[in-house]
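Visitor: Two chains, each in its own frame: build the complex with the hints.
Here is how the chains run, residue by residue.
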Amino acid sequence: MDTRLAAIIVHDIKNALAGLEGELRALAAAPERERAEHAHGACLALQEKLVGFLTLYKASSSQGLKARIDAYSPQDFLDELVGHPTLNRPDVKVSIDTQDMPAVGFFDENLVALALEAALQNAMRFARSAIEIGCRQKSGELVFTIRDDGPGIGAKEETPSTGLGMNLCNVIAEAHNKGEKKGSARLTDHPAGGALFELRLP
Amino acid sequence: MVIVSDSRFANLRSLLIEDLPLMRQNIRIQLGQLDIARVDQATTPDDAIRLVRSNSYDLIVCDYNLNKETNGLQLLEFFRSQNLLQPSAMFIMVTAENDYALVASTAEFQPDSYLLKPFTATKLQERIVRLLDKQSTLAPITERMQAKDLAGALAQCDRVLAIAPKRVMDVLKFKGKLLLELGNIEGARATYTQALNARDDLIWAQIGLAKCDVAIGELQKAKTTIQAVLVRNSQYIEAYDLLTQIARLQGNEEDALDALNRSSQIVPSARRNRMVGDAAYRIGNLEQAKIAFGKAVKSTKGSLTAQASDLLSLAQVHVDNGDADQALKLLSDVPRSFTSSSGFGITQAALQAQAHVQLGNFPAAEKAFIAAKNQSEGARADTATLALAKAAFSVGMEAEGAEILSQAVKADHENKNVVALARKVLKDTGNEEMADRIIDNAISHGSAIVAEAEALMRSARPDESLAKLEEALQSMPENTGLLMAASQLHLLWMSQKGMQRDYVERVNNYLEKLDTLLPGNERVAKMYRFLRETLVNVAKKS
Chain A
9 MDTRLAAIIV HDIKNALAGL EGELRALAAA PERERAEHAH GACLALQEKL VGFLTLYKAS
69 SSQGLKARID AYSPQDFLDE LVGHPTLNRP DVKVSIDTQD MPAVGFFDEN LVALALEAAL
129 QNAMRFARSA IEIGCRQKSG ELVFTIRDDG PGIGAKEETP STGLGMNLCN VIAEAHNKGE
189 KKGSARLTDH PAGGALFELR LP
Chain B
214 MVIVSDSRFA NLRSLLIEDL PLMRQNIRIQ LGQLDIARVD QATTPDDAIR LVRSNSYDLI
274 VCDYNLNKET NGLQLLEFFR SQNLLQPSAM FIMVTAENDY ALVASTAEFQ PDSYLLKPFT
334 ATKLQERIVR LLDKQSTLAP ITERMQAKDL AGALAQCDRV LAIAPKRVMD VLKFKGKLLL
394 ELGNIEGARA TYTQALNARD DLIWAQIGLA KCDVAIGELQ KAKTTIQAVL VRNSQYIEAY
454 DLLTQIARLQ GNEEDALDAL NRSSQIVPSA RRNRMVGDAA YRIGNLEQAK IAFGKAVKST
514 KGSLTAQASD LLSLAQVHVD NGDADQALKL LSDVPRSFTS SSGFGITQAA LQAQAHVQLG
574 NFPAAEKAFI AAKNQSEGAR ADTATLALAK AAFSVGMEAE GAEILSQAVK ADHENKNVVA
634 LARKVLKDTG NEEMADRIID NAISHGSAIV AEAEALMRSA RPDESLAKLE EALQSMPENT
694 GLLMAASQLH LLWMSQKGMQ RDYVERVNNY LEKLDTLLPG NERVAKMYRF LRETLVNVAK
754 KS
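Protein chains in written order, with this note's numbering: chain A, 9 to 210; chain B, 214 to 755.
Keeping only pairs whose Cα atoms sit at most 30 Å apart, straight-line, the calculated BS3-like set for lysine-lysine is: (1) Lys-146/A to Lys-336/B; (2) Lys-336/B to Lys-101/A; (3) Lys-336/B to Lys-386/B.
The hints are simulated quantities; they were obtained by calculation from the structure and are not laboratory data.
Extracted from the complex, chain B is given alone in its bound form (with noise of 0.2 Å):
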């Protein structure tokens, strides 16, 4: 057999994932065969895991069949949740003839191609040119994407279009995602109506214009579109992550649980539950919650995949459901890589502290809330915190619960989720009616300062304005509210007073910061936006 190989490939970094030592063999020669110089070898999940968390890699090959715990998918969909991956990785699945329709019709995170078993080194070679191309066809929009720039990725979709016909799909599909970002509706929905043309059946471009739907309000005409997809494929996950975020907006949690719970009923990742059992906990629904996470404990239990907040959800779920030596069980027996996780000792020992108290044990309540409190770094906008709040609650010291709840809120006020969260632990202790002293106070309490600095702009004091949102920054590194007043202020000051590098450096700071804290989220996008345009209009004037 004669194989002319790439000149592209002698560079490829790649994993190889594979538990038969047979099989891993004959794929590790035909990756030689393609003169593909390093391949690194992965036997277990595990190995992999290890493996990608060390290396950067531009190849993996993986075996969907790896063991009884985890499969290439649960694999792919770790790797990609916890961005393991570097974006142009390309990713591809081997699986035997027997599985393929099953594992591929109702994958979340899809690899970038299936290869069945068993397949030639020429085959191999075949995929992987095709995957390098559409990557090097597609680059100049995705490489604009990552560095944030949407509208000259969106300006790169037509050239690209207009050289490679072949992509028309996938660019048909970046360009929707796109313009969806910018805020251009109209133009979104035009996107997926020529897909639709091209293919009426195509779901990613009916659930685009449910999407365009719901960016305009329409939320019943999204739900019909959406419910309507679902009935043809029901095992779309996407349309029911749409159908969440709906119920959401019309504050429905119980709808939100629901199409959630259809979701993990589909793919029961240990994400899907984690997902599941925070939706069921925010609104109170303790049964729903326990078996979630239960699930999600159990099915990462012994393995690298397994994440601290899991167990710890649920030893609070047992503590709220008056289970105290569950939860003290539970909290006793823990993997030794737990406890180097961020905030895992306060929560575990704040967890403690409130199943004590509910034993009527109340120096070791006491003895545990102290530990808690003496790992603490200062109160965040985190679960740690609040765990902490509870246990003050708890073991009767109400005035620190108090203030630990309040500097949890100031630490991020505008996150909803903690501050519905820390509504929900003065509910659980009793303590209700001090909602609006803490809560509503340390909501004002950012906004105040917010509302100070741009008042301070318009007046014509700019340098004011900008030392005000320094400052608090200094006490409030992570709050979101302040992070992004200060990327808006900062600009608005470029913009009348002309450049200045260290205020460019510092937006960038902040909207790195607002890019980790809210990933994908619509208004830092916004704001990275008017960086780029205040930078061009600038420099034009000067």
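Isolated chain A (complex conformation) (with noise of 0.2 Å):
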């Protein structure tokens, strides 16, 4: 792994842990549930980042990463990932676009979802009002969808992405490979608004 990208990543969990402490001191002064949640779901970020991060140190070790590709429902897959509580936006709508939507898929769910919850984050941090997850079969390839109502992936951010998202993203699409196909995954501008995000295992 490119030795600039582990330190930014670990620098940027350095600050979402000084951010947690923060909350946790507060906490310890003066408990209150909402704070609790709020310092709860920050917790569970961290932990997803830190998880990405080790796939993606993984994925570049010798033994690299592997998809155990087997046969699930997306719509079952998605309702999973979106219970998921570590969304700390309760503004924002998520909900699952079951058109053309597969019976059956064929990936690895937990390499999957990894890709898809570090994609989510991304677009929780965008999104005005509402996040939209999709799965359909197009041109011989799965492609799950998550497309957010923010302003477009030009945006500027207070504090910008460490780029641990797509770099994870891409490694697990790789993992994904039949005969010399492999997945991909790219973030666009939605002609109608907003950004896409794709995931494209062959």
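Guide: Here is the structure:
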């Protein structure tokens, strides 16, 4: 793994930890349910980030990353994904687009969950009020999509992204191979506004 | 965090296997949040084995990293291969991202689900709900399979498919297996092809096609298919097992050993090493047998997964190798738990007798032989009896050895493994010329009884036919050939003369025994089918 990237990620995690420490200090002084739930969410997001970081590290090791591909129902899989409580934005509505969703898809549920959780965290930062997740079969590939209603990918942020998320999505996509074909991940502007994340798996 | 508990959770009996106290407490709380009332906890593999032996669990959540000796997958392998888990038990393996890919892609015994650490109670809940849903959707198929009603299970496959299209791959897997077992090879082929049309790199479906070829005797074609699978996925253990099976069908034990060896390099489990050791010993490759049994003994030493047979096999290899001292040393230091396992004392003493002969200590040899003989409760078709026969020959009691060997073969005259090992005993003790007299005679003894019973049935003396077999089974209760013939002839009797309650019970007993003696055997499956058909036909007539 690129040492520069590793340093950026560790730095990012350090900052998140400092934020969490602040919240816990405040909680110790005055217990408050809402703040505790927020701290818990921040803690889970931090865990997720560390798992993502270590997965990325694993992918660049000599063993590489290997997908254990099996048949899953994308609907069940996405239901499990959005049921996850790390999405610390109660004001954003996350919905699943069931249109054209195949009954069965072939992928590694744990790895794809890591990728989509990272992409979802990213979408959460930009979304105004809604995020839509979908899955469809397109020209021989299984395509997971996450679309937000934010300003699109050119948007500036106060704390810019480390690139961990997209890097992670790319290595997970590539771990899904079929014959000569490999998966891919990309982030584009949706023609009707907002950003569109796609994870394409052969 | 709001967790909506599922009413199905309250009745789940669950076991949590985790060595780290903090992690264990965490998962324990999470299971509690789901309203799972009963959560037993184990901190070591041995604890887990003790609990699983004395309880029956619906859900097991197990960490992959347990201790140096045994990891979660080895534990699962032990549970499954020893039939310690209920068929409906759900096994969730918890792994760190670091282990996940490697663990999941090489596992021979797959858990029902993998969960990456750390996880939330919600995630655990979703996973369990999904497993429960899957289980209840597939229950119409799996329940009939457990009841040996293969045709009924097959009929359910299409019904389940119609209501649960998302389970298509699970159902096709079952359907292919059922069609193969029912002998409908073309149907099985069509099923596997259907799965491959959905995704052409499904290994289980490719291996399924190879199994179809094996079933119709196209061994070379099957081999080509398997080799192609292994080029792309060298870790797929079932492929090596099918290669082993093909090599055996071709009578090529060397190739069978080679395939087993390759599989044990990928999954170096005690069970795999045991399989290699047995195969190597059968063809007289003592060097490989020694290494393989040595590994099996070493990797399970001090653990509840240790099996007495590994130590005995290794001792036998030492004796055959001329290392009598090493054999005696090994046999003198055995865990107390081994001494209660069936046939252990006999084999131990019989091997000691063989070793003492080698060292020229004849009084000790004779004493050990007598000790072995005194523990024997009659000859059986097992390794203990074969070791006893070998000891008799070693101490110079040829007539006694011949008699024991003959009884061992008679006890299950169609058991190819026992027959091969009995021949080996004669060869190893320099008595090869006795093979015709002892072994061939013992085999004909059994087949003559079957032939006679069949003749009686044909010549309209059905009651005498059944009596003949019942009598023979009194003295040879574990003879699979006799059990098979007895099942068949009892069913023939009923199809001619109508329902007879106690005969149905008898046949059920025979089949239950056969199922234990020959697990997963195709002929036994067929006999179950014959029983079912006979009962239906007889009921129609009356």
